[in-house]
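**Student:** Given these sequences and hints, build the entire structure.
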Amino acid sequence: MPKTMLLVGTRKGCFLVESDDRRAWDVRGPFCEGWPVYHAVYDPASQTIYAAAASEWHGVAVWRSSDLGETWELSSEGLSHGDGGLRLSKISTIAAAHGRLLAGGEASGVFESRDGGRSWALKSTLDAHPAAKDWNDPSKQPPGHLGVSAIIPHAHEPARFWVIVQGYSLFETTDDGATWTPRNDGLRADWPRDYEDVGFCVHKLVVAPTDLDRMYQQNHCGVHRSDDGGRSWTEISEGLPSDFGFAAAVHPHDRDTFYVVPLDPGHARCMPEGRAAVWRTRDAGDSWQRLDRGLPQHNAYLGVLREGMAIDTHDTPGVYVGTSTGQVFASADEGDSWREVASYLPAIASVEVATVE
Amino acid sequence: MAELHLPATLLPLFRDLPRRVEVEAATVGEALALLEERWPGLRDRLCEPGPELRRHIHVYVDRERAGLGTALGPRSRVDVVTAISGG
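Same order as they appear, the protein sequences are chains A and B. Going by this note's numbering, the first residue of the first sequence is number 6, and it counts up by one from there. Going by this note's numbering, the first residue of the second sequence is number 483, and it counts up by one from there.
Please keep in mind that the hints were generated in silico from the structure rather than gathered at the bench. Don't be surprised by glycine CBs; every beta carbon is placed ideally from N, CA and C. Be a bit skeptical, because a hint or two may be false.
As the list claims (entries may be wrong) - Ranges between beta-carbon positions, derived for each pair: (1) 518(B) to 51(A): 26 to 34 Å; (2) 538(B) to 214(A): 26 to 34 Å; (3) 483(B) to 126(A): 35 to 43 Å; (4) 304(A) to 549(B): 47 to 55 Å; (5) 162(A) to 546(B): 37 to 45 Å; (6) 198(A) to 538(B): 41 to 49 Å; (7) 132(A) to 566(B): 26 to 34 Å.
**Tutor:** Listed below in structure tokens is the structure:
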């Protein structure tokens, strides 16, 4: 019987939260020897879990498990900028598609593995753009800099994918990383920018599976929609309690249904007024609905990071949110109602969901 | 033979890696290269490109702070320490 498995990357290892019916959930872990895990994903093609980790002591590695977490191996072979001056402090994101793995890290770089994570090769540092000298300058980086914070493969075209360079830009490549085009037209930045085409703080990008030209993003400055595959953006923040947030998710069967978790934009970066809520639009951002049934409404100063929300592919999709204080909330009814399914995990960096046999 | 004492955090990462290893090596770097031959990937857990020791890995040879180039005597004790406590 297929089960739903949440892959939860935390400050102290990877956890698996599993259910046969999306009502009763069990937690397994911690895995990866308690290393900080920035992003964990499941590759259905190879039936393997991959977890991007960085130990303060032992450096960067990608852990993998081909038996649903029973045993794990790690490798960092090739995960390096070499002796050229850039230092790889972490792998921030990992994506599996088209028979390979792509990983993004800090200092900004895209790495590729074609042997199931046993070895890696540096694919690109996106350094053709003059802003690269700025995003690799430690004096200009925010605390906890992620570098390449996300990689989003195209569903059908292996050579086409998008990356986010934290604090600077969404980039698209159509030639497998040989060249990159900034995709920030229509975005907003509330600070002076040194370059015309970059300097926009993209937190999270999602693509509607039912219409690959339909994209949404949660930006540092607003929530935005694209109807042309990221070539232009329209702000859709009106109606939300805050234009700031990190996480986002798009409905697997309806391109117009999209979720965000608005946060206070100041230093706290937690849910406004201590009342937890996920917000949903069913009309591509024309209107928004607050979803809070089952979520804590008193003194709940919860944060959710950029990879902290996921949505499954059931006919009635489940939505999952992990907080930076270690709670996992699950909804089996598209966000209408929620249950707390894990309460005391370490700080959560990422939540992904998979259906496994 | 120099005697290497490794941090406990390394043991779960490599099959059959003991806490204490004896090696015939002229320097710390050479000792780690020998360990790398037996346990591929181990040097990467202790060293960064350069190569140099990772920032929070400290090595002591006969109780003196050491680097990769530090010479080893025939009976040197080498302590490899994870230098921060975490939290």
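**Student:** Work down the list of hints and note, for each, if the structure agrees.
**Tutor:** Hint check results:
no.	hint	verdict
1	518(B) to 51(A): 26 to 34 Å	holds (28 Å)
2	538(B) to 214(A): 26 to 34 Å	violated (42 Å)
3	483(B) to 126(A): 35 to 43 Å	holds (37 Å)
4	304(A) to 549(B): 47 to 55 Å	holds (51 Å)
5	162(A) to 546(B): 37 to 45 Å	violated (57 Å)
6	198(A) to 538(B): 41 to 49 Å	violated (36 Å)
7	132(A) to 566(B): 26 to 34 Å	holds (32 Å)
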